[in-house]
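Novice: In the working numbering, the protein residues as written are 1 to 319.
Don't read these hints as lab results, they were simulated from the structure. Predicted, not measured: the structure shown is a model, and the values here were computed from it. From the three backbone atoms N, C-alpha and C, an ideal C-beta is built for every residue, glycine too. Each hint should be verified, as a subset may be incorrect.
Stated by the list, open to error - Derived DEER-like restraints, expressed as beta-carbon distance ranges:
hint: 1; residue 1: W113; residue 2: D258; range: 15 to 21 Å
hint: 2; residue 1: E247; residue 2: K2; range: 31 to 37 Å
hint: 3; residue 1: T52; residue 2: G112; range: 35 to 41 Å
hint: 4; residue 1: D258; residue 2: T52; range: 15 to 21 Å
hint: 5; residue 1: A36; residue 2: P147; range: 15 to 21 Å
hint: 6; residue 1: P147; residue 2: K309; range: 49 to 55 Å
hint: 7; residue 1: N66; residue 2: Q155; range: 28 to 34 Å
hint: 8; residue 1: E296; residue 2: A36; range: 39 to 45 Å
hint: 9; residue 1: L310; residue 2: A36; range: 35 to 41 Å
hint: 10; residue 1: H41; residue 2: D159; range: 43 to 49 Å
hint: 11; residue 1: M1; residue 2: P54; range: 33 to 39 Å
hint: 12; residue 1: T234; residue 2: D159; range: 19 to 25 Å
hint: 13; residue 1: T240; residue 2: S81; range: 20 to 26 Å
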Amino acid sequence: MKIVILGAGALGTVLGAHLARAGENVTLIARGQRAAYLQEHGATITGLVDFTVPIPVITDLQQVHNADVLMVTVKTYDMASALASVKHLDVGSVLSIQNGVLKNEQLAQTFGWGKVLGAMAALSAEVLSTGIVRFTVNQGLYLGELPEGTSTRVQTLGDMCARAGIMAQVTPAIQSLEWSKYVTFLCLMAPAVLTRVETYKFLQDPQTASVMASILHEMAALATHQGIPLEDITLFPAMTLSRLPHEDTVTALRQIGDQFASRAPTHKLSTLQDLEQGKRLEVEETLGYAVRQGTELGIPTPTMDTCYKLIAGINHYLQ
Numbered sequence: 001m002k003i004v005i006l007g008a009g010a011l012g013t014v015l016g017a018h019l020a021r022a023g024e025n026v027t028l029i030a031r032g033q034r035a036a037y038l039q040e041h042g043a044t045i046t047g048l049v050d051f052t053v054p055i056p057v058i059t060d061l062q063q064v065h066n067a068d069v070l071m072v073t074v075k076t077y078d079m080a081s082a083l084a085s086v087k088h089l090d091v092g093s094v095l096s097i098q099n100g101v102l103k104n105e106q107l108a109q110t111f112g113w114g115k116v117l118g119a120m121a122a123l124s125a126e127v128l129s130t131g132i133v134r135f136t137v138n139q140g141l142y143l144g145e146l147p148e149g150t151s152t153r154v155q156t157l158g159d160m161c162a163r164a165g166i167m168a169q170v171t172p173a174i175q176s177l178e179w180s181k182y183v184t185f186l187c188l189m190a191p192a193v194l195t196r197v198e199t200y201k202f203l204q205d206p207q208t209a210s211v212m213a214s215i216l217h218e219m220a221a222l223a224t225h226q227g228i229p230l231e232d233i234t235l236f237p238a239m240t241l242s243r244l245p246h247e248d249t250v251t252a253l254r255q256i257g258d259q260f261a262s263r264a265p266t267h268k269l270s271t272l273q274d275l276e277q278g279k280r281l282e283v284e285e286t287l288g289y290a291v292r293q294g295t296e297l298g299i300p301t302p303t304m305d306t307c308y309k310l311i312a313g314i315n316h317y318l319q
């Protein structure tokens, strides 16, 4: 199976390195200094595993003509330009492990819905200043057909990733999992950027936990209106939390903060890491998309709207 990964950031490198180490036919599409580093040094992964592996890296997109599977791992704000650069590819299947759910619509506009697979990554990694990637969470790469179901192509891809060391799982309810991850991301993203502290701190604080509870219930209303059931995912039971009264949700979130304090006291959301490095934030395609959906569907999202405007303002000075 010929795998092409568009984007050589943290997760793109983690996926590419594991597949290359397993002997799979994988190519990374990268650019600039990141491409030069990988071409010279190979991909080095540390943290959960420690290894270095050479991996084919392409900078000239005209050298790539087809792929059995195209995996998109670029930041959401780079999605439009990235897809424009690969629209000439003949692909069998395409998926994105980006934050949010807008990604699937964008993939379908380029390649057609029949080629789009659902994907949700419960993975975490960061590119260190040395170019090495620190791999910290490997809880699952969930794959499925949209809006629901499984298939031979999904199972084949899942088995390949699992053999390579990625905790891949095939699920018939991928849309629900994508939305549950989306809900989780927005609940964490807003307070992470606005407080700029470690995750456990804003989870434990009653004021920020209250903001998170409001975002959670607004997002649950959006999902329910579209007939998308939420599910409980690792460390963040979105379905259970969405069914609790506001104050009980706050209490539960603070308890999750206690878990983060003991298990991952230094954890910072990827968006906060971007902010600390002066990088652009994934706001329009995540918070902004949710607010726009609320307007279109006639569902009030006052908490998300306020957070969106504040973070969009911060993002303005990072561009």
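Novice: Provide an ascending list of the numbers of those earlier hints which the structure does not satisfy.
Specialist: 1, 2, 4, 5, 6, 7, 10, 11 and 13
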